[in-house]
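2 protein chains.
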Amino acid sequence: MSLSDVKALTFDVFGTVVDWRGSITRQGEALGKARGVSVDWAEFADRWRGGYRPSMDKVRRGELPWTNIDALHREILDELLEEFEITGLTEDEKEDFNRSWHRLDAWPDSAPGLTRLKTKFVIATLSNGNVALLTNMGKYAGLPWDCILSAELFHHYKRDPEVYKGAAQLLGLPIEQVMMTAAHKDDLKAARETGMRTAFVPRPGEHGPDRDIDTTNEDWIDVYASTFEELADKLGC
Amino acid sequence: MSLSDVKALTFDVFGTVVDWRGSITRQGEALGKARGVSVDWAEFADRWRGGYRPSMDKVRRGELPWTNIDALHREILDELLEEFEITGLTEDEKEDFNRSWHRLDAWPDSAPGLTRLKTKFVIATLSNGNVALLTNMGKYAGLPWDCILSAELFHHYKRDPEVYKGAAQLLGLPIEQVMMTAAHKDDLKAARETGMRTAFVPRPGEHGPDRDIDTTNEDWIDVYASTFEELADKLGC
Numbered sequence: 001m002s003l004s005d006v007k008a009l010t011f012d013v014f015g016t017v018v019d020w021r022g023s024i025t026r027q028g029e030a031l032g033k034a035r036g037v038s039v040d041w042a043e044f045a046d047r048w049r050g051g052y053r054p055s056m057d058k059v060r061r062g063e064l065p066w067t068n069i070d071a072l073h074r075e076i077l078d079e080l081l082e083e084f085e086i087t088g089l090t091e092d093e094k095e096d097f098n099r100s101w102h103r104l105d106a107w108p109d110s111a112p113g114l115t116r117l118k119t120k121f122v123i124a125t126l127s128n129g130n131v132a133l134l135t136n137m138g139k140y141a142g143l144p145w146d147c148i149l150s151a152e153l154f155h156h157y158k159r160d161p162e163v164y165k166g167a168a169q170l171l172g173l174p175i176e177q178v179m180m181t182a183a184h185k186d187d188l189k190a191a192r193e194t195g196m197r198t199a200f201v202p203r204p205g206e207h208g209p210d211r212d213i214d215t216t217n218e219d220w221i222d223v224y225a226s227t228f229e230e231l232a233d234k235l236g237c
Numbered sequence: 001m002s003l004s005d006v007k008a009l010t011f012d013v014f015g016t017v018v019d020w021r022g023s024i025t026r027q028g029e030a031l032g033k034a035r036g037v038s039v040d041w042a043e044f045a046d047r048w049r050g051g052y053r054p055s056m057d058k059v060r061r062g063e064l065p066w067t068n069i070d071a072l073h074r075e076i077l078d079e080l081l082e083e084f085e086i087t088g089l090t091e092d093e094k095e096d097f098n099r100s101w102h103r104l105d106a107w108p109d110s111a112p113g114l115t116r117l118k119t120k121f122v123i124a125t126l127s128n129g130n131v132a133l134l135t136n137m138g139k140y141a142g143l144p145w146d147c148i149l150s151a152e153l154f155h156h157y158k159r160d161p162e163v164y165k166g167a168a169q170l171l172g173l174p175i176e177q178v179m180m181t182a183a184h185k186d187d188l189k190a191a192r193e194t195g196m197r198t199a200f201v202p203r204p205g206e207h208g209p210d211r212d213i214d215t216t217n218e219d220w221i222d223v224y225a226s227t228f229e230e231l232a233d234k235l236g237c
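Going down the list, the sequences are from chains C and U. Residues 1 to 237 (our numbering) are what the first sequence spells out, left to right. Residues 1 to 237 (our numbering) are what the second sequence spells out, left to right.
Honestly, the hints are just simulated from the structure, not real lab data. One should not assume that every hint holds.
Which copy is meant is left open, so a pair is good if it fits within one copy or across any two.
[Claimed, not checked] Capping the alpha-carbon separation at 30 Å, the derived lysine-lysine pairs in BS3-like fashion look like this:
hint, residue 1, residue 2
1, K120, K33
2, K139, K165
3, K94, K165
4, K33, K189
5, K118, K139
6, K139, K94
7, K94, K58
8, K118, K94
9, K120, K94
10, K189, K94
11, K7, K94
12, K185, K7
13, K7, K33
14, K234, K118
Just so you know, these numbers come straight off a predicted model, no measurement behind them.
Okay, chain C solo, but in the shape it has when bound:
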């Protein structure tokens, strides 16, 4: 099987397609301004995102029944509001702020790159975000997905193999005809172990200016690109 057999590209979303940190920080600042709350919203965003992996791992280990990301985000939010001493928000305001994860801005090259990739490949999300979140985000950020695939459809979170295998099955393709695209090597490694092809698009700004990110290529990665536009170039779109 060569790369020319690839028919579909699946994409990690948080960090790979969209800038969750900048987007959550901006929405936090807007809420803070409206409600006269002054906290470090970038730190708030980091902590919110940071809480998601342990919650998800509880689901993966079976300590929690299947719980989607909207619900996990809400649990973490309630804890953080208390810790950051943000009081007086109505239930509607909390729910709307929780849905700020549905309104994340894409990196500048994401929509133009996806639009080119879509001319040659089926392009689908393959994210731990739930279907509603990914659908709403696609509309908000103008991402031209052919199909929304989510861990929610398999009741398994990445990096469980069921997610990658389930995606290829729903796309009706042998798994080696599907290429996982992500900014995170552990996601790509797990995809590769199931037989998927891999494209690494590092996003050095994902965690802000002060965090070092591993952007080096690896010999087991099929395609390395700095942007989705470069990925489109390399895949002949």
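Chain U: place on chain C using the hints.
Structure of chain U alone, referenced to chain C:
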């Protein structure tokens, strides 16, 4: 709940969005011409479509394990090739002809209407077609879906209530904020019983010129429209 609360529209696809009969007939004729086979391809299309409901009902009654539409279509195709005495097709040709269901042409108003409806609502398929079929068809026919929802995700075929309820759940919406759009009243009735809103868009040409189709409005239908463009008008898009 009034119609102004509707946030998402789900669509039946075969017959409602695309002209399966004309499309299968044309692809059959092309195959027949290439292989020197002369049969009544409109009749072939009708029989192929006609075989799908009994096969699906076997799955619904538990007589068959979950089987997706691609596989059901293929079983029916193999029977029909024998019955119509079409011999000498290679396995690749049969498989490609089976995938003619992924390449159905939309009614002329479908893509323009959906493009308008998408500005105000989440628009999603809700079809018995499998995810791959619907995804490929969306690309082929230029249908700007926000999300591909399919009976395959629930391992239940319409008109089972699990399909409608499951769709609202994946969209993250109370079921009364979702409107089912279809050319078939039994689909709308089943949707309505679960709490969905309903839009009826009859397609008098679905079964060809010689079949009478019930196009009358009913008092339990929320919106009646002759085309997707008229539906967009009526829903204020």
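The hints, checked one at a time:
{"no.": "1", "hint": "K120 <-> K33", "result": "between (45 Å within a copy, 29 Å between copies)"}
{"no.": "2", "hint": "K139 <-> K165", "result": "both (27 Å within a copy, 23 Å between copies)"}
{"no.": "3", "hint": "K94 <-> K165", "result": "between (36 Å within a copy, 26 Å between copies)"}
{"no.": "4", "hint": "K33 <-> K189", "result": "neither (42 Å within a copy, 48 Å between copies)"}
{"no.": "5", "hint": "K118 <-> K139", "result": "both (16 Å within a copy, 9 Å between copies)"}
{"no.": "6", "hint": "K139 <-> K94", "result": "within (22 Å within a copy, 38 Å between copies)"}
{"no.": "7", "hint": "K94 <-> K58", "result": "within (24 Å within a copy, 46 Å between copies)"}
{"no.": "8", "hint": "K118 <-> K94", "result": "between (36 Å within a copy, 27 Å between copies)"}
{"no.": "9", "hint": "K120 <-> K94", "result": "between (41 Å within a copy, 24 Å between copies)"}
{"no.": "10", "hint": "K189 <-> K94", "result": "neither (36 Å within a copy, 36 Å between copies)"}
{"no.": "11", "hint": "K7 <-> K94", "result": "between (41 Å within a copy, 20 Å between copies)"}
{"no.": "12", "hint": "K185 <-> K7", "result": "within (22 Å within a copy, 37 Å between copies)"}
{"no.": "13", "hint": "K7 <-> K33", "result": "between (47 Å within a copy, 29 Å between copies)"}
{"no.": "14", "hint": "K234 <-> K118", "result": "within (14 Å within a copy, 32 Å between copies)"}
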